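Chemist: One-letter residues, chain by chain:
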Amino acid sequence: MTTNSGSFRDPFGCILTKDGEIYRSIFPPGVEDFKAARDAGVYDKLIGTNLLISHQEVAIENWAPEETVYCLKHPRLPFISYPWEWCFSMLKDAAILHLEIMEELVADGFWLRDASAFNIQYDGERLRLIDTLSVGQRIADSPWVAYGQFCGHFLAPLAAAAYRDIRTLSLWRNYIDGYPLDLASGMLPLGKRLRPGLLMHLALHSRAQIMADRKEDIGKGDRSAGKPKVSDRGLIGLINSLRKTVKGINWKRSSEIWEGYQEIRTYQDEDVAKKSEYVDNVVKRLEPEMVWDLGANTGEFSLIAASEGAFVVSIDGDPACTEFLYQHISRSESIKNVLPLTMDLANPSPALGWDSRERLSLRERGPADLVLALALIHHLVLSAYVPMPLIAQWFGGLGNHLLVEFVPPDDPMVKKLLANRGEEHLPYSLDVFQSDFGNVFNFIDQISLKNGRILFLCERKKK
Amino acid sequence: MKNSIIFKVLIIMMIISNAYPRLAYAYLDPATGSMVIQAVIAVVAAASVSIGIFWRRLKSFFGRIFGSKEGKEHDANDN
Chain A
1022 MTTNSGSFRD
1032 PFGCILTKDG
1042 EIYRSIFPPG
1052 VEDFKAARDA
1062 GVYDKLIGTN
1072 LLISHQEVAI
1082 ENWAPEETVY
1092 CLKHPRLPFI
1102 SYPWEWCFSM
1112 LKDAAILHLE
1122 IMEELVADGF
1132 WLRDASAFNI
1142 QYDGERLRLI
1152 DTLSVGQRIA
1162 DSPWVAYGQF
1172 CGHFLAPLAA
1182 AAYRDIRTLS
1192 LWRNYIDGYP
1202 LDLASGMLPL
1212 GKRLRPGLLM
1222 HLALHSRAQI
1232 MADRKEDIGK
1242 GDRSAGKPKV
1252 SDRGLIGLIN
1262 SLRKTVKGIN
1272 WKRSSEIWEG
1282 YQEIRTYQDE
1292 DVAKKSEYVD
1302 NVVKRLEPEM
1312 VWDLGANTGE
1322 FSLIAASEGA
1332 FVVSIDGDPA
1342 CTEFLYQHIS
1352 RSESIKNVLP
1362 LTMDLANPSP
1372 ALGWDSRERL
1382 SLRERGPADL
1392 VLALALIHHL
1402 VLSAYVPMPL
1412 IAQWFGGLGN
1422 HLLVEFVPPD
1432 DPMVKKLLAN
1442 RGEEHLPYSL
1452 DVFQSDFGNV
1462 FNFIDQISLK
1472 NGRILFLCER
1482 KKK
Chain B
2 MKNSIIFKVL
12 IIMMIISNAY
22 PRLAYAYLDP
32 ATGSMVIQAV
42 IAVVAAASVS
52 IGIFWRRLKS
62 FFGRIFGSKE
72 GKEHDANDN
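First to last, the protein sequences are chains A and B. Just so you know, we're using my numbering here: the first sequence kicks off at 1022 and counts up by one. Just so you know, we're using my numbering here: the second sequence kicks off at 2 and counts up by one.
Just so you know, these hints were derived from the structure itself, not from any lab. These numbers were taken from a predicted model, which means no experiment stands behind them.
Some, not all, of what chain A presents toward chain B, calculated at C-beta under 8 Å:
id : residue
1  : Pro1164
2  : Trp1165
3  : Tyr1168
4  : Gly1169
5  : Met1221
6  : His1226
7  : Gln1230
8  : Met1232
9  : Ala1233
10 : Pro1249
11 : Lys1250
12 : Val1251
13 : Arg1254
14 : Ile1257
15 : Leu1259
16 : Asn1261
Quick reminder that beta carbons are idealized off the backbone N, C-alpha and C, glycines included.
Build out the structure end to end from the sequences listed, making use of the hints.
Modeler: Next up, the structure:
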């Protein structure tokens, strides 16, 4: 039995893994809210409307922590992702999901005790709230306790990404409990900062935070006197206002280059068809449950792997590409088992949080059954200056099988990367590739394309 | 539109009462700031919810008088 490292902050309970199954222990402080929500039918309602992850109460086994009062079993999620990996619309959808749940709960006298982006995950069908214990009884006349968190986790990053720069989404890696509101507000152009919703919930909100934090007020006044109050109707109004503000934040892409990707691609249709067919055959042959498509671009090959039933984590460094794929999947009725994530593969997601153990690195969330690295390694060697042996070792730690594309040195794309570099680059040739990858993998199959590129199917050597 | 109404009323409230710069809650942590600003926003937001409810009832009332379909639908929803 292992305790999930991401759930230690919650005094109400924790997540446990036992024999590959996911359980939740509920501790004494969480019992009252849990029983109230269960008996009021709140969980059934949220699960029935696909807003909350399902659970079943199970007997408490001897491996559960001593203080466990109730034990729940949850379905296992295919992959845990973090907000620093999400595209813009995924974060926005997660925000709206929180507000939808709040609206449902407030009508029944409940609310969300927190509004953390980490509590939303993609389960292979849709985004869902995964923290059952976030549901609590509303404290009468109290302001929403998670309002500040909601603004820091959703409103601030969305506004900064849409109105300053989409790349600011990577600030999540530093601010793992949400963006400081003054930071986000200060990043906005004046015209956007003065928009009613953003002015209220970001700019004035951050001013109020700063004023409440003034040192000269320490020791003054009675903390219990004059506590701010929010009526039920006020809370509904607040949720409406937040929803309108979130929905109004739209990222207008300045670059349309990725939509014309198929036109600017340097190789021919015949090769594309052959490559697609080969990827399809490999997936059919290996029947992987989990595929990681690294350097996925707009997810062309991720979708092929997904169509054969694999769950595909589709990773690309360009937030416009992941956004494109996310919207494509959101619109699709048939393909749901793809999770697009933004990540610079020369600097993949590290372990973060308390003791660097709270949020897992990419590698710790593996291994995948199959890793796709199509038209990727020449970028890593020639643009990111990562030596070939290190790339081979890295892939060796990520998955059991690897389908890797070698792009030859005389390929137009490689020539372009080397245009201003002369001879000053890391060794890059087919011999170097085969030798370095051969140290980590066995080559089990290969196919050559007309344009000189070669696809190698590799299996990791037994240690 | 609702947001801009809330916002305008908020600004007017601030100007009239000059309350905002002197919010008298002497707390220490940023969470308190979130509570205070939220309470202020909620007062106005509550009013806009009330106006919304009143407006729907008004429409429903006239709908009933004039026997329009809309009024009947609202009645059904209210029940």
